[in-house]
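These are the residues of each chain, in order.
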Amino acid sequence: MTQARAPKRPRKNSAKGSAQADGLPQGLTSQDLVEYYSKMVMVRTMDERIWMLNRQGKVPISASAQGHEAAQLGSLLAARKDGDCFLFPYYRDLGIKMAAGLTPTEVMKSFMGKAGEPYSNARQFPLQGADLKHNIIQISNVVAAGLTQAVGYALGCRMMGEKTVVLVFFGDGASSQGETHEAMNFAGVHKVPVVFVCENNGYAISVPQSSQMAIADVASRAEGYGFPGVVVDGMDLVSVYEATREAIIHARAEGPVLLEMKVERFMPHTTDDDDRRYRPAEEVENLRQRDPVITMTAYMIEQGFLTQEQVEEIDAEAKRAINEATDAADAAALPDPSTLLDNLFVD
Amino acid sequence: MTQARAPKRPRKNSAKGSAQADGLPQGLTSQDLVEYYSKMVMVRTMDERIWMLNRQGKVPISASAQGHEAAQLGSLLAARKDGDCFLFPYYRDLGIKMAAGLTPTEVMKSFMGKAGEPYSNARQFPLQGADLKHNIIQISNVVAAGLTQAVGYALGCRMMGEKTVVLVFFGDGASSQGETHEAMNFAGVHKVPVVFVCENNGYAISVPQSSQMAIADVASRAEGYGFPGVVVDGMDLVSVYEATREAIIHARAEGPVLLEMKVERFMPHTTDDDDRRYRPAEEVENLRQRDPVITMTAYMIEQGFLTQEQVEEIDAEAKRAINEATDAADAAALPDPSTLLDNLFVD
Amino acid sequence: MAVQTVIEAVREAMREEMRRDDKVFVMGEDVGKRGGVFLSTQGFIEEFGESRVINTPLAEASIMGIALGAAFRGLRPIPEVQFSDFLWPSVNQLVGEAARVCYGTDGNLPVPMVVRIPYGGGIRGGLFHSQNVEALFFHTPGLKVVAPATPYDAKGLLKSAIRDNNPVIFLEHKKTYRMVRGEVPEAEYLLPIGIADVKRAGSTLTLVSYGLMLHYCLEAAEVVSAEGIDVEVVDLRSLRPLDKATILESVKKTGKLMVVHEDNLTGGVGAEVAAVAADEAFEYLDGPVTRLCGPDIPTMPFAQTLEDAYLPNTEKIAEALRKLAAY
Amino acid sequence: MAVQTVIEAVREAMREEMRRDDKVFVMGEDVGKRGGVFLSTQGFIEEFGESRVINTPLAEASIMGIALGAAFRGLRPIPEVQFSDFLWPSVNQLVGEAARVCYGTDGNLPVPMVVRIPYGGGIRGGLFHSQNVEALFFHTPGLKVVAPATPYDAKGLLKSAIRDNNPVIFLEHKKTYRMVRGEVPEAEYLLPIGIADVKRAGSTLTLVSYGLMLHYCLEAAEVVSAEGIDVEVVDLRSLRPLDKATILESVKKTGKLMVVHEDNLTGGVGAEVAAVAADEAFEYLDGPVTRLCGPDIPTMPFAQTLEDAYLPNTEKIAEALRKLAAY
Ligand SMILES: Cc1ncc(C[n+]2csc(CCOP(=O)(O)OP(=O)(O)O)c2C)c(N)n1
Ligand SMILES: Cc1ncc(C[n+]2csc(CCOP(=O)(O)OP(=O)(O)O)c2C)c(N)n1
Ligand SMILES: [Mg+2]
Ligand SMILES: [Mg+2]
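Residue numbers (the numbering used here), protein chains in the order written: chain A, 1 to 347; chain B, 1 to 347; chain C, 1 to 327; chain D, 1 to 327.
Here chain A stands alone, though its shape is the one from the complex:
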C-alpha cells in the first residue's frame, strides 16, 4: 500500500458540535455504548471461533470481519437509533448481520450449513439471502450487485410514502464495478434516500487500493454524482455512529450520501486465502495496534462506562455464548435433501 490509511480529511466535519451535555454524541446514551460494546465483543469472539472451526473442517468458508467491527457496529447503531432504516450489507458484514438480532446459535448454524439457517436455510453461503425480520437483504456474492437493489428498495419505500433510509455496504474493490457507478448516478438524479457505505480496507483480496483506483478517497467520487462524500475513521465506533447518523438525516431530507469508512482487514481475505503471498506480516501486526475492540475497551473504561471487571464479564459471557452456540449448531440437523426443489417460485 502506497497510500496512507488514516483518513486525511473528512469532507464534512462529522463531529461538528452535535455533542450532548454529557459529552456523548447526539442521541446516544452510555447504555447504548455498553450494549454495542458487548455486541462488538460477541462478534469478535464469534469471528475468531468460526475461523478455528474452519481449520477443524467444520465450517467451509468465512470472510472475517476482524478490523471492521467498529465500522459495522457504529453504522448499525446509528441505523437502529434512527429506527427507520433498511440494510443491504455485504459478505464481510458479520458484525451487522449478527448484531442486528441473530442468536449466536443461528449464526453458527449458518456457518455450518445447518437446517434453520436464518438467511436461506443453508442454501447459500453463511448469512446470505434475507433476514427480513431484521430489515436486511443480501442476495448474492457478486461484488456490488446489491447497490442498485438498495437504490431500488429505497425508491420503492418512497413510492409507498415511507420515510425509510436504506444503507448499502460495500468494499473498496466494489467501487470499481460499473454497477456502483450506475447505482450512485441514478440515486443522485432521483435524490433517492440511500447511504452508500464503503468499508475501505485498502485491499480487494490481494489487490491494493493503488491498483484499484488512482485516488485516495472513494468518497471523492460523490461529487460526480451531485451529492456529498464523507470520510470517517472506521476504526472508531463513536465517529462512525456520528457520521452515519448525519448521513441518514441528510439522505432522508436531501438524497444520497457516500460515506467512506477507513478500516483495516486484519485477516486474510477469507479462510481460503493466504495473505502472506501479497502482504508483509509486519503490515498486519502494525494494524493490530489500532484494533477497534481494544480501542473501544480503553474508551469505555476511560469514560467510566465500564469497569475492568465488567469488561472481563462481557468477554466471559461472549465465550460462553459462543461455546453453547457451537455445540447447538454442531448437533443441529442438515437440511433434508427432499427439499432440494422447493421454493423456486412463490405462488
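Treat the hints as calculated values from the structure; they're not laboratory data.
It is possible that some hints are incorrect.
To be verified - Cut-off 25 Å, straight-line C-alpha distance, at most; resulting in silico cross-link-like pairs (DSS-like, lysine-lysine): (1) C:K253 / C:K323; (2) D:K23 / B:K191; (3) D:K23 / D:K33; (4) A:K191 / A:K163; (5) C:K252 / D:K323; (6) C:K23 / A:K163; (7) D:K199 / D:K252; (8) C:K244 / D:K323.
Claimed, not checked - Chain C is nowhere near these chain D residues, computed Cβ spacing over 12 Å in every case: (9) K33; (10) G74; (11) T305.
Claimed, not checked - These stretches of chain D come out as covered by chain B in the derived footprint (C-beta under 8 Å, 3 or more residues): (12) 48-57; (13) 60-70; (14) 91-97; (15) 107-119.
Beta carbons are placed, not taken as given, at the ideal position from N, Cα and C, and that holds for glycine.
Keeping the supplied structure of chain A fixed, place chains B, C and D with the ligands upon it in accordance with the hints.
Quick look at chains B, C and D with the ligands alone, frame taken from chain A:
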C-alpha cells in the same frame, strides 16, 4: 432542458497562449482549415442527403451528425496532425468516419446497405465495424461498449512499444453506463494513453441531461479517476482542435484526459425518432443560431482564408460529389446472399 | 371485440394493470414523454405521472437492479430493455440475481417483476437491433419466459405476468408490433403462463414455433394443406415453463415433429423441444425430429439480401414440411 | 511423461505460450502476486513482470472489454474470470461484442483471445461459487467453447486456444483442478479444438459428457461393465464447435444415447446433443434419447445434503445406464 448549454468553465484553459505568429493555433495552417472546412461542408451535405433518402425509402436508418460537425472534425484534425492516433468513434460520428478518408460513394453505399460497404460489407448498420485503413474501429451499437475496448487498444499499443494515443467518442447518455466508469477507472490506474471524448448534446434520445446526471459537466467526473477533465465549446472547430491537441499530448505523456465537448443535436435522435414528442420546436430553432457550419463559414471569410466565392464553390462541389455518390451507390449491387455464412471466424 | 396490433395490446395490458394496482410502474429509457421508442408507454406519463413512469439514465444493469430492489419492497416494476440487443449489460441482475432470489431465500422474498424486451429481426436492424435472446432465459431456473405471437396472447399473458409474484421475462417480437393484428376482447381476461396453444389442428405432423415465426408457420401450413399435408401448429407462447404436455400430446398423435425459430439453431429452444420428444415420445416418432432455425451466425445482417437469407420464411418452412411429410 | 493435476497443466500451458510469444499476456483479479485465487498464474508476475501479468480492478466488464481491445491491436490476452458466477457483468463484451467482431467486420478484425473461466460445483460453493455457465456460450455463434476434463486435454487444448485467432471460452471445472491427475507429455503438443474424444470404447450404448461429470461417467461405465453393459464414453472436450461426427458415429454404432452434465437440464448442452441424434441418427436409435443432468434450480445449494442431492454422481449414472440398457 433545465441546464444552460454553453460551456461554463473550461477546466484547463485550452486556448492558453499556444497561438502561432500568424494568429493560428499551434500546428495549424490556413490550408488545414480550408481542408477541414471543406470536409465539414461535405459531411453536412451528405448528412442532409441521407435524411432525405431515408424519407424516400432508400436508407433504412441514420443518426444525424448535424450540430456535432465542429466537434467531430476539430478532434479529427488534431488527431491527424498528431499523426499517431487511433479512433473509436460512435454511431453519431459521421463526420469523423467520412472525413477520415472515405469517398462519398463508400459512405452512400453504407447507408444503402450495398456490397463493398467499407466497415462491414453491409452486414452492419452504416459505417459500423472497422475501417482499419483509416485507424478506426467501432464494433457495435451498444452504447459505451467501445470505451473499454479503446482502453485495451491503447494498452496494447503501449505493450507493443508504440506511442499511439487512442481517442474514444461517446455521448452524454453513454456516461451513465457502468462500463464508462470501468474504462475510466482502469485507464486512470494504469495511466493508459487515451482521450475520452464526450460529445455532450444534452440528450439521450428523449432523455435530457437533467434526467441523465445530477451534474453540469461530465468532465467533472475525471477527478474521481485521478486525471484531468476539460470542457470545450464543441460548436467551434478551432477550440476543439486546440483542446484535443492538448489532450493528446497529455495522454501520451501522463495518461488519460476526459474531454467534454458541448454540442447540440439539431435533428431528431435518428430517422426513426420524432422529437416533437419531447422537445419544443423553438428549442431547435434557437440552437440553429449556433450552427457550426455557419459559424465556421463566417470565421473563414472573416480571417481571409476563403472568399465568398470560394465558399460557394466548396458548397457546389459538395453537392456535386454527393449527387454522384447517390447515383453510384444506388446502382451498386447488394451483397450476395451466398456469403451469409462467410467469415464467422478467421483461420 | 376490437381489432388491435400487438403494440396496442401490450400498451393496454400495462395501462389496465397500472390503473388496477398502483404498485405497478414502468421504468426504462425514453418511457416518459417519448412514450418509449416503440410507443408502448405512449400517454403513460400524462396519466400516471413521473413517479410511476420513470425515465432512467442510459444504464441497463441499473434499470434491472433498481427494479429488482423495488420488487423486494413489494412494488411491481415493469422495467423495459429498449432493444434486446442492449440487455447484455443487465443479465447479471436477471440471471445472476433476480432468478435466484426466491430459491436463495428459501421462498422468503418474492420478486414480482416483469422485464419487457422487444426482440427479433426482419426490420433491417442488423447485428445490433435484431437479436434473439430467449435461449439464455430459457435455460435459467427461477425465471418465467413468455413470448407471445398475437395481440390476444400478448395482452392476456402480459396481464398475468404483471400479477405473477415471480420474475417474468416478457419477449415482444418487434416485427409483430404493427404487422400482426387480431381480435382482443373488450372485457378483461388473463391467460395462464406455461400453457401452449394449438393454433391449428392437424394430423400429418406437428410444427412447434413461437413469436414472429408462428405466423409464417401458419401460412406454410395453409400452403401445404392444399397438397394434403395436414399440419398441427403448436404456439408455445410460454417458453419457460415449457408446456411439454401439449407438445407431447401432439407429437404422439402425429408422429412427426418439426420446430421452427428465428434464433440460431445450436442450443436454441428447438433443441430442448426436440430432446423432450426424442425422450418422452420416442415410441411414437415416425421420422427424424427436425429443426428449421436461424443459421449459426451472430444474427441477421443489415443488407436486405443477407437478412432475407438468414430468416426462415413461409416458403422455406413449407419446403421443410414437405420433406418431413414425405419421410 | 509426468503426472500433473489439471491446475498444473493449465499453468504450464500458459507459461509455455507466454515464453513462446510475448504477445500473450494474462489479466484479471489477483493474477499478480497472489498468483490467482486458484494459483493458475503462480510465479507469473515474477517471471513475466507487471506489464504481462495485470492485476485489474474488480470490474469484469472492463476485464473483457480491455482484453478485447488489446486483441484488436494484435495481442493475445488471456483474461480470467475469477469464478464463473461473476462473469455475468461481462457477457456484453463476450456475447455482444467479441463474438460478433469477425463476422461484423466481414473477417477484417481477428480476436485472438482466450477467456479462462473456473466453473462448476461439488466444492461447497453454494449458489454463487458453483455455477455452470456453458449454455450461453454454447449458443453463441462466433465463439469457440472448450471444456476439458483431464490434465492432458486441458494443456493441449489451452495451448491451441491461445494460438487460435478467434475468441475462445475456456472452461475449467474447479473440482477437477486438484482432484484429477493424469499423464502429461514433457514434449510440446497441441490438441485440436472441436474434436471429441472417445474415452472408453463400448457397444451397448453411448454416454456423452464433459468436465467433471466425465470422470463419474467413466466410473459408472466400469461399474455396469461388470453387469455386461458395455458403455462407450464420449468426452466432448469442445462444446462449440460440437463434434457431431464423433457423436453420430458412436450413436449409430450403439443405437442408444445418454447425455450427462452438471448444468441444469432444460436448454443445456445435452438438449442439443439429443436433438442432433434425434434428427441425424434417427434411423439408428433403439431407445429414447435420455439425459441425466442437474435439476432445474439455480444451482447446487451450500448445505452438504443439498449439494449432494443436486449433483449427478457415479451411482446415479450407473442406475440410469442400467435403465436405458434394459430398454
Ligand atoms: C463480481 C465479482 N467479482 C469477483 C468476486 C470475487 N471476490 C470476492 S470478494 C473480492 C474482493 C472484494 O474486495 P472489496 O470490495 O474491497 O471488499 P473486502 O473483501 O475487502 O471487504 C473478490 C474479487 C466476486 N465475489 N464478485
Ligand atoms: C446499451 C444501449 N442501450 C440503449 C441503446 C439505445 N440507444 C441508442 S442511442 C441512445 C441514446 C444515446 O445518447 P447519447 O449517449 O447522449 O448519444 P447521442 O445519441 O445523444 O449522440 C440509446 C438509448 C443502445 N444503443 N445501447
Ligand atoms: Mg477491501
Ligand atoms: Mg446525447
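Q | List of violated hint numbers, smallest to largest | A | Violated: none.
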